[in-house]
Amino acid sequence: MTLKSTLARVTAKSSYWLLHDVLHRGGTSLPGKLAVSIDPNILTTIQQNFDLIIVTGTNGKTLTTALITRVLQAGGYTVITNPSGSNMVQGITGTLVTAKVKPSPNGQKPIAVLEVDEANVEKITAAMKPKMFVLTNIFRDQLDRYGEIYTTYDKIIAGIKHAPEAVVLANGDSPIFTRGDFTNERKYFGFNHVQPADYKPAVAPINTDGILSPTDHSVLKYDFITYANLGKYFSTSDNFARPKLNYQVTSINDLTPKYSTFSIDNTPLRIEIGGLYNIYNALTAFAVGREFNVDSEKIKTAFESNAQIFGRQEALHVDGKDVTIVLIKNPVGTNSVIDMMVTEENDFSLLALLNANYADGIDTSWIWDAEFEKLHDTHIKAVATGGERYKDLRVRLKMAGFPDQAVYEDLTQIVTAIKALPTEKVYIAATYTAMLQLREQLGAAGYIKGGF
Amino acid sequence: MANFEISVAHLYGNLMNTYGDYGNIIALTYYAKQIDVAVNYHLVSLGDNFDGDNFDFALFGGGQDYEETIVAKDLKIKADQVRHYIENDGPLLAVCGGFQLLGHYMVMADGTKVDGIGVMDHYTTNMYDDKLTVLNGKRLTGNVVIKNNDTGETYHGFENHQGRTFLGENERALGTVISGNGNNGMDHTEGVIYRNVYGSYFHGPIFTRNGNLAKRVLATALSRKYPEVDWTEKLDQIETETF
Ligand SMILES: [Zn+2]
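Protein chains in written order, with our numbering: chain A, 11 to 462; chain B, 2 to 244.
No lab work stands behind these hints, which were simulated from the structure alone.
There's no promise every hint is true.
To be verified - Each pair of labels, with its calculated beta carbon distance range:
(1) 426(A) to 233(B): 57 to 65 Å
(2) 90(B) to 269(A): 53 to 61 Å
(3) 122(B) to 269(A): 58 to 66 Å
(4) 231(B) to 247(A): 45 to 53 Å
(5) 41(B) to 417(A): 28 to 36 Å
All C-beta atoms, glycine included, are put in the ideal place defined by N, C-alpha and C.
Using the sequences plus the hints, can you model the full thing?
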C-alpha cells in the first residue's frame, strides 16, 4: 500500500463517516470521488485485498447480488457488497475504499460482490480484474439512455475483455449470452424443469426481443419458454441451440405471489417471494455459491433464513388493506409482475403509477409492450392509475379493457387512493421515481416505519 | 360477433416492434370495436408471402439495427407486393425503421448503408452526415409536437432516432414541427404522407396518443372495404383519446 493510496482511503473513510454517522446521509459517491482524486489507481491497489464478482444485466441485479452475498456468507466468506443504487463506478469505488475487510472465517480471500450497471462494467474492469462475471439477462430497458440490447451487451463484452481469466457465468436461457468474441471460460445456468415428453415447440410472442439465431438469423424456436425470450431454444435450420447447462432448475412445485418452491440440481428450495423471475435470481446465486464451493445445504439455509432480503417487493398494511408494492420499469419486468398476479388467489385491486423522469426512462411507449390485457386472467376487481404520466397509463389500461378507473393526478392522494379501492388486497405497481414519491407519502402518513 | 371486419398485416411484427409499435394496433382495435368492427391480426414476417389484396391495413414498425438488417434483406423479396399495396391505396402506418426501409436507403450509426426498397421517395442518412447543419452526431430524442397541414390537427409523441430522413419530391410531411426535431432536425418536417401511407418517427405510439389520426386511418381502411357505410360519421360519435 502506497502513502497515496493510504491517504485516499483515510480521506474516503472520514468523509463516509461524516456523511453517515454525523449527517445521516446515504451515498457512497462522494467518498469514491475523493479517493480517486487523491489516488487515481486506488482500485487497482486495493484489489489485492479481495476476490471480485461482478453482477450485471438488466433485471434482477439487486436481489441477485443480495442473494449471492448471503450464500457466500453462509459458505464462510467475508463479503463486501455495494448498496442498491450505488452501481456506477464512483459509488462502487466509495463502497470498496470505505469497507472494513476482515479475513474470511473459512480461510479464503474475502469476496467483493458488486452489482454493476451495464455501462459501467468496463470502467471497473479497466482497474480491477474480477474472478467472475455474472450475467443475469438483457432486456429492453430505457432505450433513451443506453440503446439497444446488443449495444448494451457490447458494453458488457468490452468490460469482460479486460479480464480474460475471469469465468463468465451467464443465463443460458437467454440466447444473447451465446454471443461475444471473448475467450473467457463460460458456464451457464437455466431451467430444465420440463420433461421432453411435455415439450411444445413454439416461437416467442411477437412482443419479444432478441429472438433471432446469431448463426443463421432465423427466428428461434423453443421446446419451452419460461418468460420473454428465455427458455430452451434452438434453430430449425442449423445446429444452434441452448448451450449445455452447468446448473439447472430441475422442478417447480409452487408458484404463489408470496413464495415459490422448486429444486435446483435436485436440491429442494424455497424463497419468500413470488414470481418465476425470482427463481432465476435464486438460481444465479445458487450457481455462484457452488462455483465457490458452498455446499447445497448451506445455500438452502441461506435462502430460508434471509426472508427479509426479498425487500423490493414490499408488503405493508394501510388501514386494513394488505398492500404489496412492486417496481415496474420495462415490458419484461411488468409482464413478470402480471404473471405473478395471475397466481394471486384472492380478489385484488391494482394501483398503477407511471412517471417518466430520467430514472424511469423518459419514453413511456414501453407500457404498450407490456401485456396489461393479461390482467383479465386474474382476480382483479378494480384498477386505479396515477403518477406524473397518468394520462398515458389511463389510456393504456382503458384500451386493455379497463374503462372504469379512479385516476389520481397527484400522489399526495395516495392514502385516499388505497383506501378507496374495493378489495382488502392491493397491488401498487410503480416506476422508480413514482415509487420514491409513494414511499415518501406513505412514510409521512406513518405507514412505513422511519419514513423514507 | 361483429358485423364488419378488417384484416391487419403486422409486417415483421416479431422483429420490428421496439418502441411499443404494437400499441397502434391496440388503439385501432379499440376504436374499431366500438363501431362494430372486428380486427383480424396477421403477422407477416421472414419468408412469409405478403398479399396486399388480403389486407385492409398494414403496420411496419421500428426495430433494432441487427433485426433491421435482417428484415431489409427479406423485404427485398416482398418489394413488388408492398409497392402494389401502396399504389393500390392500401392504408399503411410505417414507424421509424419501417418508415426508413420503405425509402431508398438508410445509414446506421456505424456507417453501414442499408438498402430500402425504394417504394417511396425519401432517404435516410445517419447522424454524422456532413450535410447536417444542426445536432450533428446527436440522437434526436424527446417530446415532439407537429401540426398536420392538411387537417390542422396537432399530434403529440416522443421521438428517439439517430437516422435523419429527407423527403422526396412527391412526398409531403405528416406534419410541420411545432416543437421537437422531426425527420432531420433541419427542415421542420415530421413523417410522411404518400397516398394512404403515413410514416413517422413518433413513438407514444402515435395512434394511442392521437386518436384523431387513428380514426382517420381506420375510416380510410373501412371505406375501401365497405364503401356503402359512412364510417367517418360513425367514428365521430365515439370518444377520441388525445393527450
Ligand atoms: Zn425509433
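These are the hints, each one checked on the structure:
1. 426(A) to 233(B): 57 to 65 Å: 42 Å, violated
2. 90(B) to 269(A): 53 to 61 Å: This hint holds: roughly 57 Å between Cβ atoms.
3. 122(B) to 269(A): 58 to 66 Å: With Cβ atoms ~60 Å apart, the hint holds.
4. 231(B) to 247(A): 45 to 53 Å: Holds: the Cβ-Cβ distance is about 50 Å, inside 45 to 53 Å.
5. 41(B) to 417(A): 28 to 36 Å: Since residue 41(B) and residue 417(A) have Cβ atoms about 32 Å apart, the given range 28 to 36 Å holds.
Consistency with the previously given hints fails for number 1 only.
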